[in-house]
Amino acid sequence: MSESENPDITADDAPADTAVELDEPAELDADANDTDEDDNEDTSGGLLVREGDIAADYLERLLDIVDYDGDIDLDVENDRAVVAIVGSDLLALVGADGSTLEALQELTRLAVQQKTGNRSRLMLDISNFRAQRRTDLQDLAASTAASVLADKEPARLAPMNPFERKVVHDAIGAIAGVRSESEGEEPNRRVLVLLDD
Amino acid sequence: MLEEVLEHLVRGIVDNPDDVQVEYVDNRRGQRLEVRVHPDDLGRVIGRNGRTAKALRTVISGVGGSGVRVDVIDVDRVGSDHGDRGDRGPRR
Chain Y
1 MSESENPDIT ADDAPADTAV ELDEPAELDA DANDTDEDDN EDTSGGLLVR EGDIAADYLE
61 RLLDIVDYDG DIDLDVENDR AVVAIVGSDL LALVGADGST LEALQELTRL AVQQKTGNRS
121 RLMLDISNFR AQRRTDLQDL AASTAASVLA DKEPARLAPM NPFERKVVHD AIGAIAGVRS
181 ESEGEEPNRR VLVLLDD
Chain C
1 MLEEVLEHLV RGIVDNPDDV QVEYVDNRRG QRLEVRVHPD DLGRVIGRNG RTAKALRTVI
61 SGVGGSGVRV DVIDVDRVGS DHGDRGDRGP RR
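For the protein sequence lines, the chains are Y and C, in the order given.
Under this note's numbering, the first residue of the first sequence is numbered 1, with each subsequent residue one higher.
Under this note's numbering, the first residue of the second sequence is numbered 1, with each subsequent residue one higher.
Pulled out of the complex, with its shape left as it was, chain Y reads as follows:
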């Protein structure tokens, strides 16, 4: 940024002299910018990118050890680091109902927290399991909302993990005439869909 400004200002000056004079202010500017950016990075996108990098190292080594082929994609969505492992034969890492995936996400968050000192909300997906589950849950939310509106009776969904409940709450929140709550204790916490009065 400052690099593009300075040459403009001094464009008419003799190049030999200005080059020397420019060096210092340019460097000072660069330093000032660096610290500003670092501050921003620690509070926003940069930290999330770093979370992704740490998670990728942790998971890549795991794939190496178990000798599974997988590519790791990193992204930042809705203020979270998103780490996706994509590969053809990764079902073992997903587990029944995604239980192994949840466990791996938990450990990966701890590994990130260990390095950054901050609690991580990182989201791990493997072989699009979460993406598929999200679509299924959105469909479930829509059909449940329709029956609640038709029957004028609340509906209670099966117990779900926090990720699944959030998907349902978000989907119900976008539908007029219904609202949702959670009830019960983990691991039996479930979503209740009600008429919105």
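Honestly, the hints are just simulated from the structure, not real lab data.
Not the full set, but computed from the structure, chain C residues with beta-carbon under 7 angstroms of chain Y:
1. V5
2. G12
3. A55
4. T58
Taking lysine to aspartate or glutamate and the EDC-like style, the derived pairs with C-alpha atoms no more than 16 angstroms apart in a straight line are:
5. K166(Y) to E186(Y)
6. K152(Y) to D197(Y)
7. K54(C) to E102(Y)
8. K54(C) to E106(Y)
9. K166(Y) to E102(Y)
10. K115(Y) to D15(C)
11. K54(C) to E186(Y)
12. K115(Y) to D41(C)
13. K54(C) to E34(C)
Where is the CB? At the ideal position from N, CA and C, for every residue including glycine.
Put chain C on the given structure of chain Y with help from the hints.
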């Protein structure tokens, strides 16, 4: 392979990765992986309500270790003859 997986998973979440030891034991009581960590890291590996230990067990089962127990060994207690057990409080 399972030892290596467990060692890697644990090393990444503790303050003292070089103190992590994993041993595979197979005897008449069955197969198990014994994890030893620095005493300060014990809470990390067990987690609130045993959550982290449970996550470690789940992943180990997932990658081929179903039926293999994962035991977190409290190095401070096992084989220590100090009479200071009373002030540690109950184990989780």
